[in-house]
Every structure is written in structure tokens, then in C-alpha cells.
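Asker: Each chain, letter by letter, is given below.
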Amino acid sequence: QKEVEQNSGPLSVPEGAIASLNCTYSDRGSQSFFWYRQYSGKSPELIMSIYSNGDKEDGRFTAQLNKASQYVSLLIRDSQPSDSATYLCAVDAGNMLTFGGGTRLMVKP
Amino acid sequence: VTQTPKFQVLKTGQSMTLQCAQDMNHEYMSWYRQDPGLGLRQIYYSMNVEVTDKGDVPEGYKVSRKEKRNFPLILESPSPNQTSLYFCASSYQGTAYEQYFGPGTRLTVT
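In order, the protein sequence lines correspond to chains A and B.
Residues in the first sequence are numbered consecutively from 2, following the numbering used here.
Residues in the second sequence are numbered consecutively from 15, following the numbering used here.
Isolated chain A (complex conformation) (with noise of 0.2 Å):
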């Protein structure tokens, strides 16, 4: 079974702060890596996907892969109350794709 780990959280953080997330996952295979935000009762929304080592930046957010750790992580920069949600990481599995349970992450003004 192809696994994708994440830290359930809470994670709570102050406004403007950096929120760091993370994930790890089993399939030395896998070759797309996303993060999608989820609010409370809605669907999925993409934030970052990332397919290569190394950081990709969006914004406030940047994207962090090391495929040798099979590690992705998700920096938010400017943290704003409206960053309140589960983040969800999701890991390519050859035509699946494999969730994390998410972090919660709350952002206090």
C-alpha cells in the first residue's frame, strides 16, 4: 500500500508568521507531488504542485521536494487568518493519486 504521511495538527501559528508543512511518502516511484487547501465542508483546491528537487515559489507559498528523502514540504510566508484550513498533500501513484489525512493549520490574528 502506497503511503503519504502527514502531521495531523493543529498546526496554529500567529498572523504573519511562517507556517511550515510536511509530508513524507513510501513510493520511490512517484513523480508528482501536489498541496491542495481544503476548507471546512469544500472541496479540494489546488495551491502547488511540484515535480522536481528542489523549492518552487508561488507567492507565499513555496513548494520544497527532496525525492532521496521522499519529503515534500509546504512553506506559507505572510501567514493570514484566511490560511486557516487543512492542507492536504496528494503523491502521484501511476494513474492514483495518494492523499495524506492533511494538517489543520489555524492562523490566530
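Hints are not guaranteed to be accurate.
[To be verified] The following residues of chain B were derived to be distant from chain A, with all beta-carbon distances above 10 Å:
| # | residue |
| --- | --- |
| 1 | Q56 |
| 2 | E81 |
| 3 | K82 |
| 4 | E90 |
| 5 | S93 |
| 6 | N95 |
[Unchecked claim] Facing chain A, according to a computed beta carbon distance under 7 Å, are these residues of chain B, among others:
| # | residue |
| --- | --- |
| 7 | G53 |
| 8 | G69 |
| 9 | F101 |
| 10 | T109 |
| 11 | E112 |
| 12 | F115 |
| 13 | P117 |
These are computed hints drawn from the structure, not numbers from a lab.
In this text, a Cβ means the ideal position worked out from N, Cα and C, and glycines have one as well.
We have chain A already, so just place chain B on it with the hints.
Answerer: Below, chain B without anything else, positioned relative to chain A:
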């Protein structure tokens, strides 16, 4: 991506089809269920018309993909353990591309 219905309550054994449609001409469509503590788990997926395959939790479900835009999920004899939040998703071509999720169907089986 649209899903109907938004909410549904069924009795055990009362068959039901959850509808999913997309108007983005996407090749790939899939169904997930989301349960507290278990996260999102893939039920079935379809790479293209007439091509479907099992995900991680296919037991108790059937699918068909007769046309590109529709991917219904069939529960022929639902049981209480199929009570869940169901999401349909589609993407341009497979799992290397962004998945667009529907709004979800909350299903309760009593």
C-alpha cells in the same frame, strides 16, 4: 465539475447513483470518499471513455464511463459503512495534472 445530489439519505440496500459531470473536456475522472481520520481515498478512476479501473477502496461500488463528460458512481446495495462525503474530480490527462474537484455529495446510509 458538478455533482448531484448534494445530500442524500438512503436505507440499507436502497440502490443509488451519484452523478458527476465535467465540461472541461478532461480525459481523466475519478471518485473519492472522505472520512474523518482516514482522509481522501480513491474509489475508482477512468483514464478515458470506456476505460475504468479500481482505486484503493472499490468494494461496494460500480462505475461506468460511456461518454467523456459523465462518470456516475453506482451503489447497488448500500451499507452503513458507505456513509461518507463523496468527491468527484477530473483532470486534463491523468494524475500528473491538477485535479478539479466537484462540490461533494454527503451520503448517509441508515
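Asker: So, for every hint listed, does it hold in this structure?
Answerer: Hint-by-hint comparison with the structure:
no., hint, in the structure
1, Q56, "5 Å, violated"
2, E81, "20 Å, holds"
3, K82, "17 Å, holds"
4, E90, "23 Å, holds"
5, S93, "23 Å, holds"
6, N95, "19 Å, holds"
7, G53, "4 Å, holds"
8, G69, "6 Å, holds"
9, F101, "6 Å, holds"
10, T109, "4 Å, holds"
11, E112, "5 Å, holds"
12, F115, "4 Å, holds"
13, P117, "6 Å, holds"
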